[in-house]
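Engineer: For reference, the chains in residue letters:
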Amino acid sequence: MKVLMVDKEKCTGCHQCELWCGTEIASISKELAAAIHETPQPVPRVYVEGKPFALQCRHCEEAPCMDACPNGTMRRDPETGMIYVNEPTCIACWMCVMVCPFGIITPSSSLKVAIKCDRCRSMGYPICAEVCPTGALSLVERKDYRKKKF
Amino acid sequence: MRYIIIGGSAAAISAVEAIRSLDRESPIDLFSEEDTPLFSRVLLPYYIAEELSKPLLNFRTADFFDENRVTAHMGVKVTGIDPKAKTIDTVDNQSYTYDRLLIATGGNAIVPSIPGVEMAGISTLKTMADAERIYRTKGNRAVVIGAGSIGVEACISLTRRGIKTTLLEQLGQVMPTVFDTEAAAIVQQRIEDLGVEVFTGEKALRFTGDGSVQGVVTDNREIPCDMVVLSVGIRPAAELAVQAGLTIGDMKGIRVDEQMMTSATDIYAAGDVAETHDIARSAYFLNAIWPCAFEQGHFAGLNMAGRKTPYPGSYRRNSIGNFIGIPAISMGVTQAESCVIQSDQDEFREVRVRTKDAYKKLVLRNGKIIGAILVGQTQKAGLMSILLRKQVDIADSIPLLMSERLSFMDLLPILRRNADQFSEPEYKELIDTGL
Numbered sequence: 001m002k003v004l005m006v007d008k009e010k011c012t013g014c015h016q017c018e019l020w021c022g023t024e025i026a027s028i029s030k031e032l033a034a035a036i037h038e039t040p041q042p043v044p045r046v047y048v049e050g051k052p053f054a055l056q057c058r059h060c061e062e063a064p065c066m067d068a069c070p071n072g073t074m075r076r077d078p079e080t081g082m083i084y085v086n087e088p089t090c091i092a093c094w095m096c097v098m099v100c101p102f103g104i105i106t107p108s109s110s111l112k113v114a115i116k117c118d119r120c121r122s123m124g125y126p127i128c129a130e131v132c133p134t135g136a137l138s139l140v141e142r143k144d145y146r147k148k149k150f
Numbered sequence: 151m152r153y154i155i156i157g158g159s160a161a162a163i164s165a166v167e168a169i170r171s172l173d174r175e176s177p178i179d180l181f182s183e184e185d186t187p188l189f190s191r192v193l194l195p196y197y198i199a200e201e202l203s204k205p206l207l208n209f210r211t212a213d214f215f216d217e218n219r220v221t222a223h224m225g226v227k228v229t230g231i232d233p234k235a236k237t238i239d240t241v242d243n244q245s246y247t248y249d250r251l252l253i254a255t256g257g258n259a260i261v262p263s264i265p266g267v268e269m270a271g272i273s274t275l276k277t278m279a280d281a282e283r284i285y286r287t288k289g290n291r292a293v294v295i296g297a298g299s300i301g302v303e304a305c306i307s308l309t310r311r312g313i314k315t316t317l318l319e320q321l322g323q324v325m326p327t328v329f330d331t332e333a334a335a336i337v338q339q340r341i342e343d344l345g346v347e348v349f350t351g352e353k354a355l356r357f358t359g360d361g362s363v364q365g366v367v368t369d370n371r372e373i374p375c376d377m378v379v380l381s382v383g384i385r386p387a388a389e390l391a392v393q394a395g396l397t398i399g400d401m402k403g404i405r406v407d408e409q410m411m412t413s414a415t416d417i418y419a420a421g422d423v424a425e426t427h428d429i430a431r432s433a434y435f436l437n438a439i440w441p442c443a444f445e446q447g448h449f450a451g452l453n454m455a456g457r458k459t460p461y462p463g464s465y466r467r468n469s470i471g472n473f474i475g476i477p478a479i480s481m482g483v484t485q486a487e488s489c490v491i492q493s494d495q496d497e498f499r500e501v502r503v504r505t506k507d508a509y510k511k512l513v514l515r516n517g518k519i520i521g522a523i524l525v526g527q528t529q530k531a532g533l534m535s536i537l538l539r540k541q542v543d544i545a546d547s548i549p550l551l552m553s554e555r556l557s558f559m560d561l562l563p564i565l566r567r568n569a570d571q572f573s574e575p576e577y578k579e580l581i582d583t584g585l
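Residue numbers (the numbering used here), protein chains in the order written: chain A, 1 to 150; chain B, 151 to 585.
Read the hints as simulated data drawn from the structure, not as lab findings. Bear in mind the structure is a predicted one, so any value in this text is a computation, not a measurement. Quick reminder that beta carbons are idealized off the backbone N, C-alpha and C, glycines included. Among the clues, some could well be false.
To be verified - With the C-beta cut set under 10 Å, the calculated list includes, among others, these residues of chain B facing chain A:
1) K276
2) M278
3) D400
4) L562
Said to hold, decoys possible - Sample of chain A residues with no beta-carbon within 10 Å of chain B, all distances over it, derived:
5) N71
6) M82
7) T106
8) Y145
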């Protein structure tokens, strides 16, 4: 499975990924100038916080959000392994928010859905990596850290 | 290998998925007392509020049993377990043999012995039948007895349908097992703003009416009503286990070991019926909540299918979601005094921050998080949850954890110090960034 990784030497904390994610993925208008005036405000799925580092859903192999979701709204795409929110059935109970170890699920009271990165499921390639001006964000194969169990 | 699962909710379904992840072939027979399969109990208040229709209450699709090659016996009550012969008996006089058995019978809603409780219009809220009964009851005044999560959600659901609702709680605050007094006050204010009348520290003494309920008499008043919802708690449905001679814990749940196995070989238990090791309390406890049921079912399933996988332990987690307009999440123990098991060496500490629209509290034992409450700003609640689960020392990071700007990347030094505890690839790859 591929994961989005950040090169800390290259991430300058410019928030471009956040801006584009918010416009391209989250907004209705898809135009920055219009998106900033939208109500409710578009919610980006990537967070450039603390130390300059762009963090988004890690698509955990054992995902606590999927276990906690009481109606199967949090789903894993069987083909890509990516976890996504099936928005029409989300009841805004925030159980996923309660258990996400990375704190990357936004409970949107106004939209009444849990919002998180689905690795640009409908586009095929993550916008954050595409727009990063320094090339700090890239898709790489997840390292196999596990020792052989059997 | 023959698997039998008694129960059809979170723990049972999660166990099926875990077994099938390791064993595609062996037969699984599932017995559920309820006729409606695969619905989510947590969502029943949404059904009453007319926010979700019945099909939307399902947490797995209707073809789940076929897809997972499960023989589902819906509405078939199991009447007995024979651990020596490894058989179960059902109400239709059938007998089935098992190699591994899971008891995931959940809990039954407690019906308090208040005079008049048998009258029409009075119902618990646990099963689909309960929800339908409450939904169909005609009237415009309701009383909800017991201000736990279900009680509060029931109140708001009824209020949304234009029914004037009163919430009665015998203890001094709403959601006494979930929030401390400060958080409870914020929540109560919200509930009242939504139009619910709340009386705390007040006990229902008897019901009045002639066949159908017409009022509730408390220590202070008589509240006229057309319906009553009883939400005073649930009791583990452990009758089968008692009969079979399995070890029962102090909270009347079935005691299970690290592998979710009961005192009888090859009989496992998970969910609201199981008493497990509680990480926050460092004692056996019964955490009857959806995420614990799901986790326990998962671990029980893996162990039943032969992969020995220890369950790290449970801890309480509650979220009241969008019901009251602001998010509010709570986990573990809510106040240091509520830790029953303490030794003189244990050092407890509580840290609180209150701003205009947010409240945050951590409860620590020996520098480790054993409880957290977040109201208003809850997005980072999961960070507290993982630190609680892993029981790592965070004594030197309290200002950071209480900060509004806390982000996961700030925790990396803590993770690195406890690298053996954070061995999952998701953590390792971020630790490896060197930040």
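Engineer: All hints are to be evaluated individually against the structure, with a verdict given for each.
Structural biologist: Quick rundown of the hints versus the structure:
| no. | hint | in the structure |
| --- | --- | --- |
| 1 | K276 | violated (15 Å) |
| 2 | M278 | violated (14 Å) |
| 3 | D400 | violated (27 Å) |
| 4 | L562 | holds (8 Å) |
| 5 | N71 | violated (5 Å) |
| 6 | M82 | holds (13 Å) |
| 7 | T106 | violated (6 Å) |
| 8 | Y145 | violated (5 Å) |
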